[in-house]
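The listed protein sequences correspond, in order, to chains A and B. Under this note's numbering, the residue at position 24 of the first sequence is numbered 11, and the numbers go up by one with no gaps. Under this note's numbering, the residue at position 269 of the second sequence is numbered 252, and the numbers go up by one with no gaps.
Treat the hints as calculated values from the structure; they're not laboratory data. A portion of the hints provided could be inaccurate.
[Said to hold, decoys possible] Cβ pair distances, simulated, as ranges:
{"#": "1", "chain 1": "A", "residue 1": "T35", "chain 2": "B", "residue 2": "T173", "range": "52 to 60 angstroms"}
{"#": "2", "chain 1": "B", "residue 1": "M(-16)", "chain 2": "A", "residue 2": "A71", "range": "21 to 29 angstroms"}
{"#": "3", "chain 1": "B", "residue 1": "G78", "chain 2": "A", "residue 2": "N184", "range": "30 to 38 angstroms"}
{"#": "4", "chain 1": "B", "residue 1": "A293", "chain 2": "A", "residue 2": "T10", "range": "22 to 30 angstroms"}
{"#": "5", "chain 1": "B", "residue 1": "A171", "chain 2": "A", "residue 2": "G152", "range": "20 to 28 angstroms"}
{"#": "6", "chain 1": "B", "residue 1": "A375", "chain 2": "A", "residue 2": "N21", "range": "41 to 49 angstroms"}
{"#": "7", "chain 1": "B", "residue 1": "A250", "chain 2": "A", "residue 2": "G152", "range": "43 to 51 angstroms"}
{"#": "8", "chain 1": "A", "residue 1": "N227", "chain 2": "B", "residue 2": "N119", "range": "35 to 43 angstroms"}
Remember, it's a predicted structure, so these values are computed and weren't measured experimentally. Ideal Cβ placement from N, Cα and C applies to all residues, glycine included.
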Amino acid sequence: MAVKFFYDNVIDSDATFTFTSATNSLSTYLYDNNYDTRLVSSGSNDATPEVWTIEFLSAKTIDKILVANHNIKSGELEYWTGAAWASFTSAVSWSANSATNSYFAVTQVSTTKIRLTINTTITVNDEKRVGQIRAMKQIGEVETNPSEVNWKLKKKKRIHEVGTGGVVQVVFGEKYSASYRFTDASNADITLFNSLNINHNPFFIYPGGGDTTITDWGFRIQDMWLINYISDFKPNLKSNIFGLGYVIEITVAEV
Amino acid sequence: MSTITQLIRSAYVRPIRKCYIKRRNITTGVYETDWMRIDNWENKDRVINWGSVSLEINHQPAEIDKFEVSNLSMVFSNNEGHFNADTFTNSIWYGYLNRKYTKLKITCGYMDTDNTEVGVVDIFEGVIDRVIVGENQQARVTILSYQTILKKYDIKDLGLASAERTIENLMADIMNQTKITTYIPYVAATPNIANISIANPSTLEGNYWDNIVYFATITNSIPLLIGSTFSFTSRTASALSQWDFKGYGSDNQPDIYIISYYDDEGADKVRLRFQENGGSTVSISTNATLLLKYLGDLSDGSEVEFVDMANVKTANKQSILDTLIAEWENPRPVIEFDSKMFLNQLKPTDKVTVEVIQKLKYASAGRGFTWDSWTWDEPVGNIPLWDEETGAISIVSGRTWMVVKIIKNINNWTSKIKIEEIV
Chain A
-12 MAVKFFYDNV
-2 IDSDATFTFT
8 SATNSLSTYL
18 YDNNYDTRLV
28 SSGSNDATPE
38 VWTIEFLSAK
48 TIDKILVANH
58 NIKSGELEYW
68 TGAAWASFTS
78 AVSWSANSAT
88 NSYFAVTQVS
98 TTKIRLTINT
108 TITVNDEKRV
118 GQIRAMKQIG
128 EVETNPSEVN
138 WKLKKKKRIH
148 EVGTGGVVQV
158 VFGEKYSASY
168 RFTDASNADI
178 TLFNSLNINH
188 NPFFIYPGGG
198 DTTITDWGFR
208 IQDMWLINYI
218 SDFKPNLKSN
228 IFGLGYVIEI
238 TVAEV
Chain B
-16 MSTITQLIRS
-6 AYVRPIRKCY
4 IKRRNITTGV
14 YETDWMRIDN
24 WENKDRVINW
34 GSVSLEINHQ
44 PAEIDKFEVS
54 NLSMVFSNNE
64 GHFNADTFTN
74 SIWYGYLNRK
84 YTKLKITCGY
94 MDTDNTEVGV
104 VDIFEGVIDR
114 VIVGENQQAR
124 VTILSYQTIL
134 KKYDIKDLGL
144 ASAERTIENL
154 MADIMNQTKI
164 TTYIPYVAAT
174 PNIANISIAN
184 PSTLEGNYWD
194 NIVYFATITN
204 SIPLLIGSTF
214 SFTSRTASAL
224 SQWDFKGYGS
234 DNQPDIYIIS
244 YYDDEGADKV
254 RLRFQENGGS
264 TVSISTNATL
274 LLKYLGDLSD
284 GSEVEFVDMA
294 NVKTANKQSI
304 LDTLIAEWEN
314 PRPVIEFDSK
324 MFLNQLKPTD
334 KVTVEVIQKL
344 KYASAGRGFT
354 WDSWTWDEPV
364 GNIPLWDEET
374 GAISIVSGRT
384 WMVVKIIKNI
394 NNWTSKIKIE
404 EIV
């Protein structure tokens, strides 16, 4: 695995959504960066496929896909070639699946729409549920992983003390922030970090890089956050010697 | 799913806060049909400070039947220039009329443990007054409540005739105009004293709001504006308690954070004499104890409240003053405390109860009481029993109170509540 970075989700409020039975006004649940809010079919079962079509305002480039907090046992996500629906390469499909988060690296395509067909659910005859679909284009991945990562989910909160000395905790939100220390960064890595630094837009960080074998929190298949690069860009020569690589620390915070 | 009461009382709270605007068409000035959400843009939160809003009646001693709703000040991230003037292509007003007088509303609620939104309501609605953008990439937005709209029109623009007219009719004249219903949906006034008439409405002066307050005073009513919902009604507290506040000693997870003010006599607003301003009609308390307590014979007029009745029909004057005396001759204890965010669960004039039990001390031998053959509350051996209360504030739940002020701090998710005892 290597830490990867992606441009923002191409699915947004500009897209047009068509669902078999799910509520159209809740389409935001598919791209709101909140896995807990899930788009749900209505009156569906394993004999009734649920088809969700997402049409973009203009052609979008896609080479990475994350489907999070879902209950798909079998189904497929396809793209529109301009003339017909086609499978991605490799196919973004599920068969006898039991995982609730799925990541796919596919051959890059440019398309105006994608279509998710959910045939059956992990629990038999359940409603079809999906917390998030991210269709993205990769910015890059590091050649050498960080030697140290410090991350946290920071609560924006207020603590109110009541008359007994007990407390009421008001939590307005919880956001990811982290510092990544790279002690053996290559020239290519520094070029990548610089492009992130001058990106001028939030981007996704994928600390686990999509490795399904990693179960450590912060690096799991579903651990992906839309972030800003908030530290200064400050690559230093390792040991002050040319040719050994770079030491750089980058700090990121979720939007 | 939890109830809104359970979520407000919870010790772990997840607020829902959303902010919307309605812009105006660039050529017709007509407001958009749908509200556009602006606190979150393309999945990025951008409110830096949500501000706070207050609702208050009778806020000063001797001020009868006043109501004030505050304005609101919010701070947004303006990295992308979305809050700049409508001439700026990145502005969310580009292609619409200017920012000033854009409608803005805030809705709030609670998130349940199963991520269901519960009790989401509009807790403020108004129009943007000004937007100041800064190099710090922030936009400071000042929003005026709809009360301000009512202050911007002069009563003379109604062209009222000299023929006698009831308060109910005059309120309809004001509130049922398109220029007002564009902001505040019309609801008929139901004053506490019905059918009070203004003898010659053409002599009324001042803006709409000034006159609404005047109508409230002479009918012993109150004008309330909660969000965009207006009512002109009795200032009598609601029949049922809308919230039973638990304070120190009454619950292990009290609603009350801290009591910041307690006037346990409440003499400030006592008025023993109401008198027509510049006239001879007068109503004086007949309660001998109250006259003794508050020196009803003072000659400096400190217990006298003058009421402007120049426009009131002569036949109505005495009954108005008598009603006011009955309302204001008694002292009313006042409490102010910090508590949880009540959304619109509480508003001024709502009835509430409060229970605060401060420290209790141990009983000592011989302090029990005998009932039939039993002695109650005597210590048994070395086992102490709780006995009498100590501490400055002890309020039993049997007393009832009326909310007179509530500050909703949307940013900190707290409320500051002022209540007066119902006597």
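Quick rundown of the hints versus the structure:
1. Between A:T35 and B:T173, the C-beta spacing of about 54 angstroms keeps the proposed range 52 to 60 angstroms intact.
2. Taking 21 to 29 angstroms as the suggested C-beta distance range, the pair B:M(-16) and A:A71 does not conform, at roughly 44 angstroms.
3. A hinted range of 30 to 38 angstroms for the beta carbons of B:G78 and A:N184 is consistent with their spacing of about 34 angstroms.
4. The hint said 22 to 30 angstroms for the Cβ distance between B:A293 and A:T10, and at roughly 60 angstroms that hint is violated.
5. At about 49 angstroms, the CB distance of B:A171 to A:G152 disagrees with the hint of 20 to 28 angstroms.
6. The supplied range of 41 to 49 angstroms is met by B:A375 and A:N21, whose beta-carbon atoms lie about 47 angstroms from each other.
7. Range check, B:A250 to A:G152: Cβ separation about 34 angstroms, and the 43 to 51 angstroms hint is violated.
8. For A:N227 and B:N119, the hinted distance range of 35 to 43 angstroms is satisfied, since their beta carbons lie about 37 angstroms from each other.
When the structure is compared with the earlier hints, violations turn up for hints 2, 4, 5 and 7 and for no others.
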